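*Asks:* For reference, the chains in residue letters:
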Amino acid sequence: MQFILSSIDSWGQRLLFFIKYILETILLGYLAVRATFSDKTQGFRTIYSVVSSQVYFTGWQALPIVSVLAVASGAAIILQSTSQMNVLGGVEYIGEMMMIAVVRELSPLLTALIVIARSGTAVASEIGSMKVQKEVQALETMGIDPLSYIVFPRLAGGVISVVCLAFYYNLIAVVGGYLATIFFHQIDFYYYLNLILEAVSPEDIFLFLVKNIFSGAMIFIICCRQGLSLKVSSFEVPIVTTKAVMLSTQYIVLFHILVTGLFYLHRLNGLGVL
Amino acid sequence: MGFENSKLRTAVDRISLESVLLKDIKGQVCLVEPKFSFQAGKVYQLSGKLGFCSELMRMLALIKKPDEGELLINGESVFELTFNESIPYKLNIGYGFDTGGLINNKTIFENLMLPLEYHREITYDEACQVIDSYLELFSLSEYRDVRPALVPGFVRKLVCIIRSFIHQPEILILDGPTTAVDMDRSAILKREIKRQLDSGSLKFLIFSTSYEDGFRLWDPIKLSLFGESIVENNKKEAS
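Chains as they are written, first to last, in numbering that gives the first Met the number 0: chain A, 0 to 273; chain B, 0 to 238.
No wet-lab data here; the hints were simulated from the structure.
Fair warning: there could be bad hints in the mix.
Stated by the list, open to error - Calculated lysine-lysine pairs in the DSBU-like style (CA-CA distance at most 35 angstroms, straight line): (1) LYS230/A / LYS25/B; (2) LYS230/A / LYS64/B; (3) LYS64/B / LYS6/B; (4) LYS48/B / LYS230/A; (5) LYS64/B / LYS41/B; (6) LYS242/A / LYS193/B; (7) LYS63/B / LYS34/B; (8) LYS25/B / LYS242/A; (9) LYS189/B / LYS41/B; (10) LYS242/A / LYS189/B; (11) LYS193/B / LYS41/B; (12) LYS22/B / LYS133/A; (13) LYS189/B / LYS133/A; (14) LYS19/A / LYS41/B; (15) LYS25/B / LYS6/B.
Everything numeric in this text was worked out from a predicted model, so none of it was measured.
Required output: the full structure, derived from the provided sequences and hints.
*Replies:* Right, here's the structure in full:
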């Protein structure tokens, strides 16, 4: 009995920590945005340069790896789906398959995971090092709010990068899928493109934007928060970096599952099933 | 330059401590001060137990809140202000400490430019002029476009100090201003700060040093911190 009660207590505490962490992270994001736009003394030029650097490092430099993953996933989806559909009929549903598998699910998730691995770690360790070397303290003494100089540019640059990267992922996955059809099924390019375009709906675009904007925001706010939480010494830098990666991954995956679940509940509701 | 015309700052007339209890990160009591005022136009040299002076200076630079009590500037409790509300005071405070927290991915020039460019109290061209004149004064021009990791320690230290007074604050707080700096450049630094004191642009100068009599040029009032209230050594010697 004691064991059951302590297990419930333990899970309850984890759930409370989870909710508290989400709320505090959202609050940090809000404070960063508010600090940036309410600070009348600041020069946007300095913040703009940090945003553009972030977009370059997070977005532009990730293009090669995103291209590889996108081609591979697009080709795999098309190969698997067309090989089954050729037998059963329904090749015209290729577009739907690409939408469902790639645009709605794979591209937001895999893009987020790539960004966490590449940029999330870099941001957390960079900000952690800044904290250790008292650069954050120096900014405060100069009247520069760390939230507007450090957090906001990374948040803005991160959101822009993730959305653009995910869009790029979709384009390359479509190309990858077509390359697979050339070698194995000889589907006409315009027919293939038409199937893809016909499958795009406003809901897909909405889902795409919600997932990617949230992913970009959460990754960078969590990583900035972990970096800024460093207290004592440089030995904590790898600890906060690892924690940033783990927490970002958990929250992104859970959010994606939640959004997908809600989307399909809404669909079922619309069909009158629920 | 345009700092005296800046509308972003609030002029500072009085700095006082009221019922302040200050502890360091280990929980050790650094200061218990019922009432103390820093006088405009005076220079204060802090000494005492290792680390205690730094904690007081961090509080005066508005980056560490006292555990109890208030820091009043112009009669206003500054730690009750939001970050934005405290900016008019922060723009009038310069704080040089340790290795100063130079931003590692910026060059020496960009580090000195950061506060000037961010707050835009003067134009970019004026800022460049100010920075280049100080680099020339301290013979640091060759390090202008070099990152902090690649410059000698004394250069990093000097740049931190220069960054603290480059925007002509009315309050200047320096933690070990001449540590690791050679004698020639130390002398230039002391003369430059003396010039700012004499011109009236610098009203409050508070510094700590391990060189007891190395700062006679500034004619400082000596204060001691040993975990209790601030002791003015000049008064103690006189009594």
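*Asks:* Compare the structure with each hint and give your call.
*Replies:* Evaluated hints:
no.	hint	in the structure
1	LYS230/A / LYS25/B	holds (12 angstroms)
2	LYS230/A / LYS64/B	holds (16 angstroms)
3	LYS64/B / LYS6/B	holds (26 angstroms)
4	LYS48/B / LYS230/A	holds (23 angstroms)
5	LYS64/B / LYS41/B	holds (24 angstroms)
6	LYS242/A / LYS193/B	violated (49 angstroms)
7	LYS63/B / LYS34/B	holds (18 angstroms)
8	LYS25/B / LYS242/A	holds (26 angstroms)
9	LYS189/B / LYS41/B	holds (15 angstroms)
10	LYS242/A / LYS189/B	violated (47 angstroms)
11	LYS193/B / LYS41/B	holds (11 angstroms)
12	LYS22/B / LYS133/A	holds (19 angstroms)
13	LYS189/B / LYS133/A	holds (25 angstroms)
14	LYS19/A / LYS41/B	violated (49 angstroms)
15	LYS25/B / LYS6/B	violated (40 angstroms)
Hint check: violations occur at hints 6, 10, 14 and 15; the rest are consistent with the structure.
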